[in-house]
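Protein sequence lines, in the order shown, are assigned to chains A and B. Counting from 1, position 259 in the first sequence corresponds to residue 259 in our numbering; the numbering is continuous, with no gaps. If you count the second sequence from 1, you need to add 322 to reach our numbering.
What the hints contain is simulated information worked out from the structure, not anything from laboratory work. Possibly wrong hints are sitting among the right ones.
Result set (EDC-like, lysine to aspartate or glutamate): computed pairs, CA atoms no more than 20 Å apart in a straight line [to be verified]: (1) B:524 / B:504; (2) B:657 / A:203; (3) A:266 / B:710.
Nothing here was measured: the structure is a model prediction, and the numbers come from that model.
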Amino acid sequence: MMAKLDLRVLGPILALVALIVVGALLNSNFLSAGNVTNVLSRSAFIGIIAVGMTFVITSGGLDLSVGSMAAFIAGLMILVMNGLLPTLGPGVALVLVGILAALLAGTVAGFVNGFLITTMRIEAFIVTLGTMGIYRSLVTWLADGGTLSLDFGMRTVIRPIYFGGILGISWPIIVFALVAITGEIVMRRAAFGRHAAAVGSNDQVARYSSVNVDRVRMLTYVFLGLLVGVATIMYVPRLGSASSSTGVLWELEAIAAVIIGGTMLKGGFGRVWGTVIGVLILSLIDNILNLTDGVSPYLNGAIQGVIIILAVILQRERKAGS
Amino acid sequence: MKLTLSQIDRSFGAVQVLHGIGITLQPGEVHALIGENGAGKSTTMKIISGYLAPTAGKVALDDAPVTFAGSQDAEARGVVLIHQEFNLAEQLTVEQNIFLGHELKRGFLLDKAAMREKAAALLKRLDCNVAPTATVRDISNPDKQMVEIAKALSRDARVLIMDEPTAVLTEREAESLFTQVDRLRADGVAILFTSHKLDEVKRISDRVTILRDGRVVGQHATADLSEDDMATAMVGRDVSSLYPERAGPVGSEVVLSVRNLQVPGHARDIEFELRVGEILGLAGLIGSGRTETMEGLVGLRTATADIAVDGRPASFQTPRAALDAGVAYLTEDRKERGLLLRKGMRENLTLQSLSDFTRLLIDESAEDAALTKAIADFDIRAPHRGVDVGNLSGGNQQKLLLAKTMLAEPRIVIIDEPTRGIDIGTKQQIYEFIHALAAEGKSIIVISSEMQEVIGLSDRVLVMREGRITGELSGDDITEDRIIRLATGLDGLKGAAA
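Pulled out of the complex, with its shape left as it was, chain A reads as follows (with noise of 0.2 Å):
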């Protein structure tokens, strides 16, 4: 029993340092500074959100809409921004309400998802299939089917947020980082998390123990969709702009990170480090696939499914072993 219980903690790992041998045999540059930094700053957006959707699916939820809360909320953030812009100039003020905007709507958006999972009682699959839908045709609509991009006098200002950082290391990965280990600490030491463990682990016991069981679902989505914020906030500066394919598939990435690893889909299981380990392993594959040419990179999409199986079956041997 013990012995699967390794493999169980370890397997996630063993296949992070499999693609990292695997990596740098295969290219040189692999493993240089610029390769990594590159790797992990792209990892961020999803990472940040897999953070949040770890809770989420731990308590026995699902959110299909983060995605589509991303493009819009990237949107918002442009609109407010330009919109602003002849008022308070560009400048640090400007930022930060954009900052603050992105970081509204985003607890917004999933206070919305997580009244009408728990008030309204609708299946969470249901509302954020909705939502999804809602909100990439709200950014398509706002962007008038095309384009929504930062004004040129802001784009400069706001470039360091993606672009910059302390000691060499750019702040998504900073943020990633901070997030990444706030989350873990959360899930594995707070009554949160443990809360959020025993909601999705069987929400009567957990209500007749007293703990207020619409309170911690809705929370957990709550703050998915702050961490939704946070990541468009990194992701605007990158680009400088918003359309309606903008994060597109985000939600379903970051799903797969979580369940990579080792967060149980149905709930009452779920740890940070984890979906960290997955959200790398997804993003080192496409890395290596593009650094090397043994492979197409349109095969992507094929490996990361095989993965994604693999890390699913991994999970059923735990429950036949229990």
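Start from chain A and add chain B according to the hints.
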């Protein structure tokens, strides 16, 4: 068709639950099977209808020995069991349900016209006005009961077994069911039914078989038996020495006063007081609303009540509010509502009182210390500390659940079915824990379907029937006979139903 059971034994593992049961069901006769919870009624019915095989003994149809390969085999031979919980597909129509699994076909296609015609004829025969095209979800409980019977008749049932058919029916609905039963009897169907309501047994049955502890203790023509005789025959065991002597005296101070407690659909006008150090028993048949009453009290169900704790008004909108006022409810369903089976003992133990172990983060070493103490105090026997709670025995799960509840330091503990499905040794331990808690000055309400448990533990007993408290017993008045009479409606509030 005549069905005979002779010398039927049945064991589950090492436990023998039926001993030499003999029953004969005659065509055109209604046979009632009565007994306390756990007397063996369900097992007997399952053997008659092929859901269980007997360990020993014979089943015969028209004097020819048969062995049912399963319930479908029994149905094919005309023996049909109607479950207490309806076995209908709610989303399908009445006619689709009647022919479910036995659809009439014309070639590859369903013969809908023939099924509708036959369904209508069956329902007409039962004098039931429900439309064959109605969706089962939308029809009333008695109509569902009729659809079940129509379904049975469509299989040419000649022996009909009904498990507490009136449990979900009001008196008037039950009466219309009985009219149909009379009709089936006239058609020569052999019918066996169980009920806890002795007036119904008297009203509808021709013969009665009384079970106690897995044995037939009486078999009579109903006409020769009064309802009192039936109740007396169902009871008749002395309370063993399982129960410890009361240690502490009951205080005089009222810690909990409940007035005007209404739990919509389950209980009404509930009133009682609980004193310091008192063990109050709550007896009643399954379905009498005991659990719902207490769940309503602690905020687990929608309910209204005037509650006072220590004389001060209180309101329990949520279980958390009740717990903050010192009132904890320990569920009867430890596997689905009490414990997280796939989590360890530590997570389970502290779930209800996690805030006591949390500053900003959870203090895991304090949790570990609490677990060590709980294991010692409640004698929890686990293979190792990290074991999933689902792998503990029922008795140890129950002890852990008790430890979990007590960790929140309630002053008033409501324990629902404290010993359901656990062995006798652990039972005795749990009784001792309950007494020790009372001696410490905690006040305890024990809900139990085991009559002896209520009698052996309680200082005072409330009996519920159909959502009302029908009587209160104390001292020497707490007898099985008195409780049964109150629980079945022989004594106490008449016409509590409807």
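Status of each hint after checking the structure:
1. B:524 / B:504: It holds: about 14 Å lies between the C-alpha atoms, which stays within 20 Å.
2. B:657 / A:203: With a Cα-Cα distance of about 12 Å, the restraint between residue 657 of chain B and residue 203 of chain A holds, given a limit of 20 Å.
3. A:266 / B:710: Within the cut-off at roughly 18 Å; holds.
In terms of the numbered hints stated before, the structure departs from none.
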